[in-house]
Each structure stands twice: as structure tokens, then as C-alpha cells.
Amino acid sequence: MTPLPDGNPRVPEHINNPPQNALLEFGSLVAMVGLVMAALTLLLVLLAGFLAPHIPFRWEAAAVSDLPVSAPWPQADAALNQLADDLMASMDPPPAIPVQVRLIDMQIPNAFATLGGHVLITRGLLDSVTSENGLAMVLAHEIGHIQHRDPIAVLSRSAVIGLLWAAVTGGENFAMQTLFGQSGGLTALRFNRDMERRADQYALDMLAAHYGHVQGADEFFLAMVAHQNLAHQDAGRWQALFQSHPLTRERIKALQQALPAQGEAERRPLPPALQKLTRPEDH
Amino acid sequence: MLISNLEIVPGMRVRRHLGLIQGSTVRAKHVGKDFMAGLKNIFGGELTGYTELMNESREAAMARLQEQATALGANAILNVRFATSTIAVGASEILVYGTAVELERMGV
Amino acid sequence: MMLPYELIILLSLLLLGYVFGRLAERRHYRSIQAREDQYRQLLVLAERHLPPEYVTSHESRLVMGNVVVSVDYFKMMIATLRNLVGGSIGAFESLLDRARREAILRMQEQAAALGTGVVIFNVKLETCRVSGDASRGVGSVEVMAYGTALYPRGNASR
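Protein chains in written order, with our numbering: chain F, 1 to 283; chain V, 1 to 108; chain E, 1 to 158.
These are calculated hints, taken from the structure and not from any lab test.
Treat each hint with caution, since some may be false.
Covered stretches of chain E, as calculated for chain V (at least 3 residues, CB under 8 Å) [said to hold, decoys possible]:
1. 38-50
2. 83-90
3. 93-102
4. 112-125
For glycine and all other residues, C-beta sits at the position ideal for the given N, C-alpha and C.
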């Protein structure tokens, strides 16, 4: 038997613990993962945007036959649907996808286009337009979203991004989502702005076809800008709107370029069923 | 470097006993491989991606073990043991430890 | 535009983890090295065979030492990212290196209580994850070292 050693060995450090520059490693890892994630997200977003409009509308309509929101004002809904139908009928050829409009009881002025050809208008929006033309612009804009199949495109986009995230992070991971979630959100928003521009253009064409002019198209947007300065006092009410409808000033500029230079053409008043619901004291 | 999990090497004897040494490494595969392994899990069978991972880790750990042995002036590592543990999902630690010795040929 | 508060929380967690994690690791390594010098003569061997004279002159006793350590937030983040890219995870390697050496030191401390002339044979090391959600990387790991301490018969201590 050999003699036992004199003592425990003094092994050099850093064999099992190699020296490392933690900050540098962190930086390069974030950059690497970020780039790959951004590329994958972009690819999936493009793919979803490309494929979504080809999903038959029948499937979409079957999935969302009715909305889970109450319809407090049936007469106002009838007037809004009449307006929407008139607008669509004036197009040549008329749009293929039927649209259903509903007025909902919300103070925040807003309008949404959702799945199944549903358009929601909030009661607060009636206060921020002064004529039927202004309302028709908003309505036509949402109809544009629906004719372009934007809601399903946005839905499938967020679905694929969600899937990608779940696959990479293995479900909920606060740190990972905070670090890289921002880039995904920005891409989605950018494409939304393209959709907004396209819907604006569609709405202007529709207004021109229906009224013969586009006066009043900027009413709602001017009201938005007027309130933007109040956003601090009235943040809760307006913030959501600015987040979902970005770049108001840019859009107004584009709209005003479309407006004719010569004097005011006649604007129609709001239909009586809707006028009843406005609250003049809000102005 | 002679590595063995016996304590005696035939024909050799230990001239100097240098003490306990260890080598370890923690490694992970990229998500692609993790994903493929996850798919493979449905059907069962060998997860070659992970077999590869474990082999790479074991080799790296052995290399570190030998580095320690060399630093002490040993020419063999006896009584070697492996231990494996999962530190995080998809990342495993391999530890290998043993006795560093200096062997010499036994006189006949 | 203000930074989203999630990002602020994350960055401050990372900063805290980086600063305190570094401090703690340095301090731990210094302490490990000092104690390793102190116990340099208390042999820790992987051998199973005793020198023949020990059989009659020594008594034996199982000794063990364990430690549970955790990585800081910063290193955990690096490890999570590394897990996506693949490769060796240095953040965990130093953690485990410290943990193993600490466990061995604690085993030696226990053996040192048996008096002078103690040698620990057949040392084995075990590592195991103690806590932490699988998807959030490592929580904490335990390393345990155990072996048989042989001490001269005359030592009265228990």
C-alpha cells in the first residue's frame, strides 16, 4: 500500500470555474437571442398577414355569430346599420362581406372592428362628431378594416407570436417576456399602422362615393387631437384610444390633403335616433 | 493519462498519492434540439440530441479532471466516479472525480 | 416615452443580482480558499482501501457536509439565455464549484471534531436541485459530500 499523501492537493483555480466576463456574455446573448427572435417574429407575422385574408369569411362568421355585449339602443343600432348599408351600397362593386354595427354603452370615444364582420361604436364617439359625415368616416374606416380582413389578420398574428413565445420560453417567463416582448409588440404595431392607412383610404373613397365629397372626414380626428392635450387630466378616458389608434396627426395630415381646397360642402346632421343619445354638455 | 475506476492497475504500483481531484461542467443544447427532443418524447426512443449533450459534457468534465491531475504532476487517475444531475431543464451537470496518483511500473 | 415598469423591475433585479452576486461569490471564494488551507492536512480521499495498519489502530465514522446555494438573478438570466443558444453554462459551473468545495469543507469540519490524525476515505459527492420552477431556470442546488472518517483509537471525542 502506498503512503497517504501529505495533504489535500492545491489544485489551480479556474479549471472547474473558467474566468468569464459576465456583462459581455450577457450582452452578446441578449443580442443573439434578440436577433433570432426578431427574425422569427417578423417571418411569422408576414406569414400570418399573408395567409389570414384567405381564411373563408364563412368560418370566421360561424365562429363569432354574436357578440357577448348587450345592445342597449336597438333604434340607434338600426340607424347605424342603415348608414353602413347605404355606404356600402354606394360602392361599385359593393363590398363582399356583410357588416353588423352595434352601439355600446362606453364613455370612451372609440370604434372597433372585430371578428365576424362586427363593428362596435361607443356612445362616447357620438359626442365627438358633429355630423353624419363625421360618423360615416369612422364607420367606413371600420368597414374598411373588415373588408381587408384586418381583425383575423391581427388575431392570427398574435396567435402565432404567442405560440412562438410559448415554445421558446416554455410558457410564462416574466424576465424573458420583458426583455424581448417589446420588439414583438413593435412589429405588430407597425403593421397595424399600415392597416390604418389602408382603412383610411378605403373610407375616403367610400365617403366620396356616397356623399360626392369628403367634408367632415376629419371631425373625429380633430376631436381626438383636441383631447390629446387633455390626456394628462383625462388619461383613463383617452389613453386606450391613442394606443389602439396611433399617429393621429399624421393621419389627419393625410386626410386634410384629401379634403378639397374650396369651401364647405353641405354636411348632413346625425340621424335622429343617434342625436338623442349625444350629450351636448360634454363639448 | 491513465484513467480507471479500479484502485489497482495491473503491473503498476502507486508511487505517489496526490489526493482527490474533480472536473465538472454544466451544458445546454440550443432550443432547436430541445424542441426536437420534446417531439421525440412523444414517440419514445433514444434522444440522440441529449445523448450527444451528455457525451460532450462528460468529455469536457474529463478534460478538466485531467487538467487538474496534470497540474499536480500525476500520470494516472484511479477510482474514478461519475455523477450526473439536472440543474435546470435541458441543462445538466456532469461531475467526475477520482484520485490523482503517480504510477510506476512494478519491478519484476 | 417612459420605460414600461416591467422593464424597470427587471433591470433593477439584474443590477442587484450582478452587484451582490459578484460580492458574495468573491467573498465565498476567499473563505473557501482560507479554510482549504486550514484543513490541508485533513485528508479527503476517494480511496476505498485502507492502509493495513488502520484496521487495528483506527475507528471509523460516517461524516458528511452539505450546502444549498442559489445563483443570483443576473446569472440566472444568463443561464436562461444560454439555454436557448446552447453551450456551456459558466454561471452554473462556478456555482457548483463553490458548492462542492463548501460541502467538502463542512464534511472536513465535522471530521476535525474527531481529533487529530483523521483521514476521510471513500468520499462521494451528490448534487440535486432543491427548489425552483422548471421553466424559470435554476432555483437552488444542494451538494452533499460524504465519506468515512477514520480516526485514531485513542481519540476520546465522539
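message: Are any of the numbered hints broken by this structure? If so, which, sorted upward?
response: Nothing - there is no hint that the structure violates, so all of them hold.
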